[in-house]
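Colleague: Sequence lines, in order, name chains A and B. Note that the first sequence covers residues 1 to 78 in the working numbering. Note that the second sequence covers residues 1 to 247 in the working numbering.
Hint data in this document are derived by calculation from the structure and do not stem from the laboratory. On a predicted model such as this, the values are computed, not experimentally measured, just so you know. Beta carbons are placed, not taken as given, at the ideal position from N, Cα and C, and that holds for glycine. Misleading hints may appear alongside valid ones.
What the hints assert, rightly or not - Pairwise CB distance ranges (calculated):
(1) 21/A / 243/B: 55 to 63 Å
(2) 131/B / 38/A: 43 to 51 Å
(3) 61/A / 133/B: 33 to 41 Å
(4) 14/A / 174/B: 14 to 22 Å
(5) 132/B / 63/A: 24 to 32 Å
(6) 28/B / 53/A: 31 to 39 Å
(7) 75/A / 3/B: 40 to 48 Å
(8) 51/A / 78/B: 16 to 24 Å
(9) 235/B / 8/A: 36 to 44 Å
(10) 75/A / 39/B: 40 to 48 Å
(11) 77/A / 104/B: 25 to 33 Å
(12) 174/B / 21/A: 18 to 26 Å
(13) 75/A / 104/B: 42 to 50 Å
Here's the letter readout for the chains.
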Amino acid sequence: MAEDILARIQKIVAERLDVDEAAVKPEASFKEDLDADSLDVVELVMELEDEFDIEISDEDAEKIVTVGDVIDYIKSHQ
Amino acid sequence: MLEGKTALVTGASRGIGRAVALELARLGANVAVNYAGSVEAANEVVKEIQDLGRESACYQCDISDPDAVQDMIKSVVSTFGRLDILINNAGITKDNLLMRMKEEEWDAVINTNLKGIFNTTKAVSRQMMKQRSGRIINMASVVGVTGNAGQANYVAAKAGVIGLTKTAARELASRNITVNAVAPGFISTDMTEVLPEDVKGQMLSQIPLGRMGSPEDVASVVAFLASDASAYMTGQVLRVDGGMVMQ
Chain A
1 MAEDILARIQ KIVAERLDVD EAAVKPEASF KEDLDADSLD VVELVMELED EFDIEISDED
61 AEKIVTVGDV IDYIKSHQ
Chain B
1 MLEGKTALVT GASRGIGRAV ALELARLGAN VAVNYAGSVE AANEVVKEIQ DLGRESACYQ
61 CDISDPDAVQ DMIKSVVSTF GRLDILINNA GITKDNLLMR MKEEEWDAVI NTNLKGIFNT
121 TKAVSRQMMK QRSGRIINMA SVVGVTGNAG QANYVAAKAG VIGLTKTAAR ELASRNITVN
181 AVAPGFISTD MTEVLPEDVK GQMLSQIPLG RMGSPEDVAS VVAFLASDAS AYMTGQVLRV
241 DGGMVMQ
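Take the sequences, apply the hints, and build the full model.
Modeller: Below is the structure:
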């Protein structure tokens with residue numbers, strides 16, 4: 001289950017940020033390691049909402065820093 | 001020119017908003033008509049748009065309410081399938097001298113004319129970012145540039161709209177969304193109809209072109225900003241004022 005979520009996230013993030021899927025590790029920070037700007041993160045959150053059919057509030061979205069944060073969020077909200 | 005595009009015009013049941021809605025429809029766009037009060041007037045505009053062969057529907061919504069705006073945008077996108085053009089036109093006046101202005105008068109105008117645009121812009125930017133294209137056109141006013149006695153609330157809101165326009169333009173530019181403002185001068189609508197004759201006379205004397213503008217004068221400039229002809233413009237304020245203010 002967790003691997004499946006990671007794989008889906010890797011695909012979306014790699015495509016959006018133009019990075020290798022292998023670089024999208026749980027400990028990777030979107031801004032520091034994956035070179036995303038603020039707007040990229042907003043867009044990623046939107047795409048993840050669609051992909052996993054969840055709604056991420058602005059407050060929660062602001063707390064998302066790493067790929068792992070997204071995995072945790074999705075696991076606890078699905 | 002705008003075939004296949006969907007536009008949402010706020011405050012479209014009368015005045016400048018109505019003229020803009022009809023002009024965009026004439027150029028090919030399907031138009032969602034937002035209104036706050038008069039459903040009869042809004043339905044009339046919808047019918048005129050449909051008579052031009054375009055799709056249209058009206059949406060009652062007080063744009064100062066963020067949740068209501070969110071619902072309206074969702075509804076527009078689900079009905080029309082997309083949203084390419086947002087015209088932030090809705091606005092009110094509650095004129096009074098600064099010394100006499102009540103807090104309610106200040107809040108009401110700021111909430112509709114400034115916060116309302118924040119609400120709609122925030123709500124549509126999600127859809128436009130997904131589409132990787134969009135046009136947002138905000139109705140400012142020349143008084144937002146020059147100031148105007150008796151309109152502290154209105155002027156502050158309109159000056160705020162200009163700042164919001166420039167900031168949204170910078171934030172959304174990388175996603176191919178342009179944000180511009182139109183600053184009308186003295187336009188003949190219900191809003192200016194109520195002004196006393198001496199005020200009208202005094203304003204007319206400051207207009208080099210020597211006449212009040214019509215809503216259509218403003219609508220044609222808005223249509224230009226909504227079209228591909230203005231693709232390389234963003235964060236700009238175009239004055240449509242008969243030459244009242246020149247910089």
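Colleague: Identify every previously stated hint that the structure contradicts and give their numbers, smallest first.
Modeller: Hint check: 2, 3, 11 fail, others pass.
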